[in-house]
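Residues per chain, in single letters:
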Amino acid sequence: MEKFTQHTGVGVPLRRSNVDTDQIIPAVYLKRVTRTGFEDALFAAWRGDPDFVLNRDAYTAGSVLVAGPDFGTGSSREHAVWALKDYGFRAVLSSRFADIFRGNSGKQGLLAAQLAQDDIELLWKILETEPGTEVTVDLDARQVRCRDVVVPFQVDDYTRWRLMEGLDDIGLTMQHEAEISEFEQTRAAWRPTTLPAKHLPPVEVVAARPVHADDALS
Amino acid sequence: MGRTLAEKVWDAHVVRRGTDGAPDLLYIDLHLIHEVTSPQAFEGLRLAGRPVRRPDLTIATEDHNTPTLDIDLPIADRTSRTQIETLRNNVKEFGVRIHSLGDADQGIVHQVGPQLGLTQPGLTVVCGDSHTSTHGAFGALAFGIGTSEVEHVLATQTLPLAPFKTMAITVDGTLPKGTTSKDIILAVIAKIGTGGGQGYVLEYRGEAIRALSMEARMTICNMSIEAGARAGMIAPDRTTFDYLQGRPHAPEGADWDAAVEYWSTLHTDEDAVFDAEVVLEAADLEPFVTWGTNPGQGLPLSGNVPVPAEIPDENARIAAERALEYMGLTPGMPLREIAVDTVFIGSCTNGRIEDLRSVAKLFKDRTKHPDVRVLVVPSSARVRLQAEAEGLDRIFLDFGAEWRNAGCSMCLGMNPDQLKPGERAASTSNRNFEGRQGKGGRTHLVSPLVAAATAIRGTLSSVADLDGVEAPDGSPLEPATV
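So the sequence lines, in the order shown, correspond to chains U and Z.
Throughout the first sequence, residue numbering follows this note's numbering, covering 419 to 636 in sequence.
Throughout the second sequence, residue numbering follows this note's numbering, covering 26 to 507 in sequence.
What you were told as hints is all true, and nothing was included just to trick you.
A few chain Z positions that, by computed beta-carbon distances, are all more than 12 Å from chain U:
1) P201
2) K202
3) E232
4) S238
5) F299
6) A301
7) P325
8) G357
9) R361
10) A364
11) T484
12) A489
13) V494
14) P497
Some chain U residues near chain Z, calculated using beta-carbon distances under 8 Å:
15) D440
16) Q441
17) E496
18) D574
19) Y576
20) I588
21) E597
22) P610
23) T611
24) K616
25) P628
Computed far set for chain U versus chain Z, every beta-carbon distance over 10 Å:
26) T423
27) L472
28) Y477
29) D536
30) D537
31) L540
Hints listed in this document are in silico derivations from the structure and should not be mistaken for laboratory results.
All values derive from a computational prediction rather than experimental measurement.
Note that CB positions come from ideal geometry on N, CA and C, so glycine has one too.
So that you can see chain Z by itself, here it is in the shape it has in the complex:
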């Protein structure tokens, strides 16, 4: 019988098959490190007198905790500074490559791997961060791990893992104008629920997925974890190869040819069987927003805030009541009437150059709504430099937005970029949990297009709500279109 993409990558990395219920031992090709989930792992190595087995398969960056302003000054928050310094000391001691704040290759760990060409099809990629699923967009098996596992990979370059089940998410047809890959994944999560993917690797397939750019694919795979799946994957194709070719760590010459030949085998066989299948019709999708406090609580923007009393399942009803109370929303009110204080454009979900281009296209020759604060945070320093080379920074500043240095920023509010209690954000990030963007802060997850339209109008909006703008059709935006 044929194998799925995930099974092919898995099988190619089995160091030792588990017997009698024991997990398989899987080899790890690329280990990404950041300051938050690594200090205790390095400390564990030190206590046990163990080295890092493969520093040449390991790379560190600083992202979660770093400020997005005044990055040339000492970090003001003492505990943040200690954590960053701890990472710098650890990588020095153990011989691991790092891209620190101020370095042109610094950025969110899930941007750094792809932009350096380190993330490639068929690899196993891990990081002590649940959004490691992002790298699955290249046809890699990539997933987040806890700190004990970080230590395990540092020490052994392997992980004991029980095999995943596989789920096909097929998106047929063509995305309507004004909708993006973010709307696809929010719709998928709303459909299968925050636990629907638990125990599975998701494989996104179908015409609508094939048509997406590499960056748009990364957005989808990134949020697989929000459906409970540790990993999401997309089979590599010409789009993938084109993205990779010429990047610093991409293979060259004969190696490139050998790599492409192998990568071209990385697709699910026709006769392979998935453990579960979900089908969506792209044409049915609309701009999607979340109304509640988990990423599964989302609806098309044209809808209304749910009425808990109408929800039959008791637990779902209680959860909705609690969410609406936290979010300060009236049951039944149109989603389009929700006014926000902040628009956050950034994160490993939607902080890449195409996201910034699509936002800049709407911001150009406009100014922000007076009651809204707009934060634009590129996912890496290279993305920031690229945006500046294209003149996007001027558009953001003229619009009235803040143009920041790279990092995770307000996605999780570990640095000073936080919502104040009761403040409401339209955010291109990935989690709308209670307090995620700051204690008492309220988050609506949206696409970059919805974020931009909302920044202009002050209430949750789509491109269709803007006068005289034709909604983009979702194809990748080249610099010339700005």
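Looking at chain U on its own, in the form it has when it is part of the complex:
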């Protein structure tokens, strides 16, 4: 994972609350089996609207998203983080993130920085009044700077450390392999295992057939 210490880029004011991951990337784009190439899918439904913030020239090259509260709610899809990263975002600022989204961001090197809502409002005013203004997100100092505004943000110590060092979680956990094996020895024997497989007798499942012409085409 790429190290993250500080980033400066165009700030994008997204004045919406409850931006769920279905809005960040609709389900129809989740059929791909790759981890990249999701930039076109980002905010796909909203990007059809010429007035949507990312369709305005000053913000198109944005890399710091300044969003309303409860960003990233809903589905666990990590594709939401991939889409933001593929588009070019390095940081998302919000007064409250959904837990799974924040976790996914940390794994992928996208900084989810939590600011006070009042500070988000300050940034929105600057970015809306002067489109194209750059925002600096300083992870070392846990600080956002934009024009004369300097405000703090929160990120947990562990995520900050991992982002700044560019560390991979699996590698870190593998260092404790012996402890995992030891734990496995203590598990009760009656705990379920999926193998060998047990199930009710196999029965043939009859396929449902279309009753509408529309369905037959799809």
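For this one, chain U is given, so just place chain Z on it according to the hints.
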């Protein structure tokens, strides 16, 4: 000091305590896999040359992307087919059990675990799907994870996690007739908001929760994520044990006794302290519906669409205005006057056999409203087979509904089951986000009873709106009552 249920399960799975702000390393007992959030994780393993550490604690099924018609034919959508084939190749390569389309044990991943008896009290259960919270109904600590975490669990059978806070949601009293566990959870989300549960594990308790069947409990825990909580839990009791006993992977003989003895310790101690508490009175609940574009934007069906101008908080007002514009609703109009095009009965929230029985009971000897399309999609192939054994399929078809094969279907519209732009659905699913059920589609989240009454009348309705029907009292429906 005593511990909460969530803390007991957590403590029993700590492989290594985190120090200096590092998370705990938690052991995972059961890892459920599906086609959408796993391909990139398997690819990561392959690139790093890592095996799946515990294939015997891992199980895969196909659900999100699968068609609910013509399941014996090749999947028509090429990218969907590729994704399913990728899963099949991956599980073959890594030695993971799978239940594929056409298999009697295929179905929505959150139905497959419980019906096989793999979901048990006191386990840690994860899946790359946010509705993994469903399994908390058994007293398991179950939560959704992202694809990086899927890879992490495949490789190590553990997850680094910072401890959650705990919130008690107590529902006292008895549910009024015609209301269900779906109405409880919609009311909870409307009360605490879509972010109210963030950072918490919710524990549902109280008389009204104790009275619920296992399936009704699953509906509540399922939607914990809609309140922002990664997990919801209910302490196991006789209802839980009865559901589990005799299922394929449930313990047997002396193992069963040992398991029940342990499971019986899995409750919050009297002197345990929750970080937050919410209390609801079941008697105050009514059938609940959503009017907006997040699951917190819900009201009793007897109410009116909100008037944004009357909302004091600026952000909430803007959100309501945007939601009403998207939903095509007039501020102040009675919710009961909203006409729908589609009724969707299904999903990991409300696609189980009891849901289908409660719907069939209202559909019997009636026909659907002529302007409404009704889709009934069982949560698993076994649920479909069970419904057919009880003759429910005939009732659905005679009513004018479509009776489909199992899968996530129109809950998220990844397969061909989608709303068209501007179409409106009453849906027993879990999310009313913009475009969730199809681009431009409009969703009202409802209970199976409201969905059924709406399919009959064409507008959002409750059982009370039907002539000559006594509303069910919410107790589990046995086959004989249909």
